[in-house]
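Please model the entire structure based on the sequences and the hints provided.
Line by line, the protein sequences are chains A and B.
When you line the first sequence up against my numbering, it's residues 1 to 314, in that order.
When you line the second sequence up against my numbering, it's residues 1001 to 1258, in that order.
FYI, nobody ran anything at the bench for these hints, they're computed from the structure.
Since the structure is predicted, the reported quantities are computational estimates derived from the model, not experimental observations.
Cβ coordinates follow ideal geometry from the N, Cα and C atoms, glycine included.
No false leads were slipped in.
Stretches of chain A that chain B covers, calculated by requiring three or more beta carbons in the stretch to come under 8 Å of a beta carbon on chain B: (1) 67 to 73; (2) 89 to 102.
Subject to a maximum C-alpha distance of 20 Å in a straight line, what follows is the list of computed SDA-like cross-link-like pairs (lysine to any residue): (3) B:K1179 with A:D209; (4) B:K1239 with A:E289; (5) B:K1197 with B:E1055; (6) A:K274 with B:P1231; (7) B:K1256 with A:E311; (8) B:K1018 with A:L132; (9) B:K1255 with A:D292.
Cβ pair distances, simulated, as ranges: (10) B:T1236 with A:K312: 17 to 23 Å; (11) A:E14 with B:A1152: 33 to 39 Å; (12) A:K274 with B:L1047: 39 to 45 Å; (13) A:R204 with B:K1189: 33 to 39 Å; (14) A:R182 with B:A1020: 41 to 47 Å; (15) B:E1016 with A:A162: 49 to 55 Å; (16) B:D1149 with A:G188: 33 to 39 Å; (17) A:N253 with B:D1149: 44 to 50 Å; (18) B:I1191 with A:G188: 45 to 51 Å; (19) A:E120 with B:G1162: 35 to 41 Å; (20) A:A173 with B:G1162: 25 to 31 Å.
Listed below are the residues making up each chain.
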Amino acid sequence: MAEVLVLVDHVDGEVKKVTTELLTAARRIGEPAAVWVGAGADSGKAKLAEFGAEKVYVAPAELNDYVVAPKAELLAKLAGEKSAAAILVSATAENKEIAGRTAVKLGSGVLTDVVDVTAELVAEHSVFGGALVTHAKVASGTPVVAIRPNSVPAEPASGAAAVEEVSVEVSEAAKGAKVVERVVQEQGARPELTEAAIVVSGGRGVGSDDFSVVEKLADSLGAAVGASRAAVDSGWYPNQFQVGQTGKTVSPNLYIALGISGAIQHRAGMQTSKNIVAVNKDPEAPIFELADFGVVGDLHTVAPQLTEEIEKRK
Amino acid sequence: MNIVVLVKQVPDTATERKLADDHTLDRAASDGVINELDEYAIEEALLLKEKHGGEVTILSMGPDQATDSIRKALSMGADKAVHVNDEALKGSDALQTAYALSKALGTIEFDLVVLGSESTDARTGVVGAALAEYLGLPQLTLAGKVDVDGSAIKVQRQTDYGYDVVEAQLPAVVSVVEKINEPRYPSFKLIMQAKKKPVQKLGAADAGIDTAKVGLAAATTQTVDAAPAPPRAAGTIVKDEGDGGAKIAAFLADKKFV
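So this is what it looks like as structure tokens:
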């Protein structure tokens, strides 16, 4: 069975959940082979084995010193050497870039923001703010597929996770853009927005830069905090938490929209969420068309009550 | 410093966007507007020009109606434009577009290419990276801040955890994220001036584009089918009677979230 390369997302050796989802998807296509860049593979490989990785290719941390290009060289090299059936990455902004460059190197094609993929490598997309569902495939060569987090439910299956060190000579061309500093901005204990299983977002209805009503509910659920463009434009919450067409796209199991009307630009960033709960004063707000459960009311009374109820049930 | 800004005309998000029978974008179905994120790219280029001098050239690939977006870009203050327009390019996907743009850039002298981090229609977010690959230039994408000093360029690349500080030598490819700046509104004077600014038309052959590599027939990805998304099952909407929060908690408990 042909190998399917899965680029591992990890933080200091801790494998992210989306990687277990990609390994699950990879098993439909062929034999999953994880691609690990940097340190920590020894501690992370148990998780990879648990989700069916037969191999773990480990490349040196030096690849992280330059923007995107070295990882594309690594994936293209491995795809050639191993005659890989496909390359899967998570659909983060950076990984989509890696996917694009890899596909150019391989002369194949790239499918981004995929929400499902079949054994025959037909990928499903949700486009135009969720209005259309399309299926697409790569015309020739090794398909490179970027899959949205929380799209394919992770299912365990044991794999050997045999570690193999890969030597890579980063080309001069790939060293053009050098990372000289990494700046970590505080987001507390909350999960990363695009990967979170639950997202609680606040919009215009929050009414001020006091987002504590949103944050408290999020924390009671172990959720990430998001914001609508209206809230970000008003300066109430930082830009990197914006959900929507020009911000982040999320696809969590549960999305709670507080005081968000649900304009098409916002829906484009959250429409594929599995369960949607909305609280809005305006009964005509378009968000209620999407909501599995909606409350017409003031988020400033509804959300604290919800937070309290959740704490009670713990 | 000469800067090229890539501009794409996209269907207006506020209108109903459709695909044609061949699954390419139905451009007649909705109004074409300039891709919103490109306005940040234009603004950043203009700010760099104001600081370092040089010229700002708009490069756009698209059919005749893309002229409207090119004029909009010029009315913000860009100096001139190059419009790559050829029937052979119709239906090109993201990678083919990056290839074609890389060729068109070969006809322009530049120190920096600036583009928006993604388009609001296809939203692949790969064109900047693929373009850097084709051009063999440093990739400084997802920039939230750009500084140029002589031939050195430094950007803050937005990441999930914050940002990376990235350095390179010009020429380079930069993509910018929303909120990097506040795009200016064209003044009446600039709008009038824009009508007289030169727009060079290039066919595929003029730009050195191999037509066997572009267009729908040669696309690297193929859309197999497209259908309206199945409607979501109608949800339960209740009015808050002082127990709205408790009712949501019950819903969440039912779904095993709490």
